[in-house]
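**Q** Per the working numbering, the sequence shown starts with residue 67, numbered consecutively.
None of these hints come from the bench; they were simulated from the model. Note that this is a predicted model, so its numbers are computed, not measured. It cannot be assumed that every hint is accurate.
Claimed, not checked - Within a straight-line C-alpha distance of at most 20 Å, the following computed DMTMM-like cross-link-like pairs (lysine to aspartate or glutamate) qualify: (1) Lys122 with Asp98; (2) Lys122 with Glu108; (3) Lys122 with Glu144; (4) Lys122 with Asp84; (5) Lys122 with Glu99; (6) Lys122 with Glu94.
Unchecked claim - Computed spacing ranges between beta-carbons, pair by pair: (7) Glu108 with Thr143: 19 to 29 Å; (8) Ser117 with Glu144: 20 to 30 Å; (9) Ala141 with Ile101: 40 to 50 Å; (10) Gln106 with Leu142: 25 to 35 Å.
Beta carbons are placed, not taken as given, at the ideal position from N, Cα and C, and that holds for glycine.
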Amino acid sequence: MAKGEQKPSAAASGGADDFADVAELSYEQARDELIDIVAQLEGGQVGLEESMRLWKRGEALAAHCSTWLDGAEAALTEDDPK
Numbered sequence: 067m068a069k070g071e072q073k074p075s076a077a078a079s080g081g082a083d084d085f086a087d088v089a090e091l092s093y094e095q096a097r098d099e100l101i102d103i104v105a106q107l108e109g110g111q112v113g114l115e116e117s118m119r120l121w122k123r124g125e126a127l128a129a130h131c132s133t134w135l136d137g138a139e140a141a142l143t144e145d146d147p148k
């Protein structure tokens, strides 16, 4: 690392452990938090480091929502005789 460069903080790194709580959220909780994150990012009032952290959490929330929806679709398809 060159002199004067700063190492990203743990909050900006957004490691998998940072978002372990996402797995415990219901679909609705994850969706609502994702909506809030999108609004914050679109508002442009957060700094770069916080934006990066929010983006990564948003990706984790979106993946969690997708998993919930895939499961619901599979359950409906399984119950739907064609």
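**Q** Hints first: check each against the structure and report whether it holds.
**A** To see whether the hints hold, each was checked on the structure:
| no. | hint | verdict |
| --- | --- | --- |
| 1 | Lys122 with Asp98 | holds, 16 Å |
| 2 | Lys122 with Glu108 | holds, 15 Å |
| 3 | Lys122 with Glu144 | violated, 33 Å |
| 4 | Lys122 with Asp84 | holds, 10 Å |
| 5 | Lys122 with Glu99 | holds, 13 Å |
| 6 | Lys122 with Glu94 | holds, 19 Å |
| 7 | Glu108 with Thr143: 19 to 29 Å | violated, 35 Å |
| 8 | Ser117 with Glu144: 20 to 30 Å | violated, 40 Å |
| 9 | Ala141 with Ile101: 40 to 50 Å | violated, 25 Å |
| 10 | Gln106 with Leu142: 25 to 35 Å | holds, 33 Å |
Hints 3, 7, 8, 9 from the earlier list are contradicted by this structure; the remaining hints agree with it.
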